[in-house]
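Mind docking these for me? Both chains are given alone in their own frames, and the hints should help you get the complex.
One-letter residues, chain by chain:
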Amino acid sequence: MEDDSMKKNFLFISCEEAFHICDKSQYGEATLWEKIKLNLRFIWCRFTQAYVKKNRKLTKAIKISKVECLQQTEREQLIERFNQQLQNKM
Amino acid sequence: MPDHQLNPNKWIDLYSDYLFNYTITRVNDREIAKDLIQETFFAGLKSMKNFKGEASERTWLISILKRKIIDYYRKINSNKGKAEVRMSYISDDQEGDWLEERVEDEGYLNAEESMENTELGDAIYNCMSKLSDKQATVFKMKTILGYETETICNELDITASNLWVILHRARIQMAECLEKKWF
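Those protein sequences? They're chains A and S, same order as listed.
The opening residue of the first sequence carries number 1 in the numbering used here; numbering runs sequentially from there.
The opening residue of the second sequence carries number 1 in the numbering used here; numbering runs sequentially from there.
Looking at chain S on its own, in the form it has when it is part of the complex (with noise of 0.2 Å):
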């Protein structure tokens, strides 16, 4: 009997946002980001028969994402060289400020700072998953997506006092679960 086993029916309401999340930090594209986790989804389904059971859904999935993320990459690479030569215009007897012109890119100085914001929005998400479906649905409402109030009781059909109570909750469980994984 294998330790885990497979049920795609709750697929999107347990991983799609951890897997959004995990894939935008990557890719720095919404709708590249989405169409890579649809991709992930469809693949999960046509190999679920290689599915042995040893690692969790989720770890499954991300390993299926991880090479979707690594194949997107590869097909604009070709593009992605082309660029690299068009940008390295700068000849030695050249000119100019060139220091400035060389100097590291943003990105690069704050490539550590990026691994820990990726860290910490695991963290998250792992802390957000031990919420319960009303708590989890109100929290991303409210804090990561940054709908009012009034939207957010419209659509779930809740008064505004239920969803501070909600949200008050939420935030505690968030808080405690935070300090033990992260702060």
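Next up, chain A with everything else stripped away, as it sits in the complex (with noise of 0.2 Å):
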């Protein structure tokens, strides 16, 4: 009875387990085992089904715009000079 339960556990995990496993996949930071549990869970929830599609349109359309923003160093480097003239004007 305990074996099928340790079985169970190590094959199954909950909703949110996948909902983290999915948002590791999209960053390629999820290992095949977990990917194997997120696949096996995906064949009869509907959660996480419509979580899965959802997250993969989502890491598409960022892929897709090309987005850019500015790096941290860049950020501070403006951040400096804005602040030296705004102390210039007041």
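Do not take every clue at face value.
Result set (DSBU-like, lysine-lysine): computed pairs, CA atoms no more than 30 Å apart in a straight line [stated by the list, open to error]: (1) S/K134 <-> A/K54; (2) A/K89 <-> S/K46; (3) A/K53 <-> S/K140; (4) S/K10 <-> S/K130; (5) A/K54 <-> S/K180; (6) A/K60 <-> S/K66; (7) A/K63 <-> S/K46; (8) S/K68 <-> A/K66; (9) A/K89 <-> S/K180; (10) A/K89 <-> S/K75; (11) A/K89 <-> S/K52; (12) A/K35 <-> A/K60; (13) S/K130 <-> A/K24; (14) A/K66 <-> S/K52; (15) A/K66 <-> S/K34; (16) S/K130 <-> S/K34.
Taking CB as the label site, the calculated pair distances span [unchecked claim]: (17) A/Q87 <-> S/R74: 23 to 33 Å; (18) A/R56 <-> S/D71: 37 to 47 Å; (19) S/E155 <-> A/Q85: 23 to 33 Å; (20) A/K89 <-> S/T151: 45 to 55 Å.
Calculated from the structure, these hints are not laboratory results.
The beta carbon of each residue, even a glycine, is placed where N, CA and C say it ideally should be.
And the structure:
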């Protein structure tokens, strides 16, 4: 009985865990084993299916949009120069 | 009482990334984009007294930036003109693979696609502006800048599990927002 439950926990994951693995997998940080567990849940859980679909769509949209933003160092430089200018104005 | 007011102390936090993305999609050069948004902020400071409060702060800054981008293209226009003259070297009696040489360039063919990407980029930035500061920072660092989890955790002094919780909430909000605005 205990063995069965162990096997079940070993293979089956909760919805929250599935969402977490799905998030990690969007950044290439999910392990193969985690992906297998996610896929197993994906087969029968409609919440997981919906989340995976939405999450993949978001990743794809960001990828094709090629959005860019300032690096931390670039932002700091900008803040420094802007603050100087702001002080000169005051 | 004007509808909108200026708060330059928050300009960089609120608008620098949006303006940067707006610029880089139009000038295709990171250094030039940085210079142009810096000039935009400086020009905004100088002309604060001209702000009537009819448009939002971001719209007003974008209108300044648009002029800066036009000025930039005007400045380089003379050089570009020379390049165009040098490019049109094929005379009618010239033999060879003239069809291939005169075929429309890929950039032209993809103009519509590129415009769509620009609009999608704007939608993404609009949705990001609705995230909390922490969510937006983590989302940007991880998703757009592609930083490692460890780097973000060290930089923001948070644990990895904390990062994934923040990221999860940010992704749900972003997906819902883009669902309404874009998909």
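### Query
Does the structure keep S/K130 and S/K34 at a Cα separation of 30 Å or less?
Measuring from Cα to Cα gives roughly 24 Å; hence the hint holds.
### Message
What's the verdict on A/K89 and S/K180, does the C-alpha distance respect the 30 Å limit or exceed it?
### Response
With Cα atoms ~42 Å apart, A/K89 and S/K180 exceed 30 Å; violated.
#### Entry: 30 Å limit on alpha-carbon distance, applied to hinted pair A/K89 and S/K52
20 Å, holds
### Task
For the pair we were handed, A/K89 and S/K75, check the Cα-Cα distance against 30 Å.
28 Å, holds
### Query
If you check the beta carbons of A/R56 and S/D71, does the distance land in 37 to 47 Å?
41 Å, holds
### Message
For a C-alpha distance cap of 30 Å, please report whether A/K89 and S/K46 respect it.
### Response
8 Å, holds
### Task
With a cut-off of 30 Å on the C-alpha distance, tell me whether S/K134 and A/K54 pass.
22 Å, holds
### Query
Within 30 Å, alpha carbon to alpha carbon, are S/K10 and S/K130?
OK: S/K10 and S/K130 at ~15 Å, within 30 Å.
### Query
Hey, A/K66 versus S/K52, does the alpha-carbon distance stay inside 30 Å?
Answer violated: A/K66 to S/K52 is near 34 Å, above 30 Å.
### Task
Assess, step by step, whether the Cα of S/K68 is no farther than 30 Å from the Cα of A/K66, and give holds or violated.
Measuring from Cα to Cα gives roughly 23 Å; hence the hint holds.
### Query
Has the hinted range 23 to 33 Å been met by the Cβ atoms of S/E155 and A/Q85?
26 Å, holds
### Task
Mind checking the alpha carbons of A/K63 and S/K46 for me, to see if they're no more than 30 Å apart?
Status violated; Cα separation ~37 Å.
Of the hints listed earlier, those the structure fails to meet are numbers 7, 9, 14, 20, in rising order.
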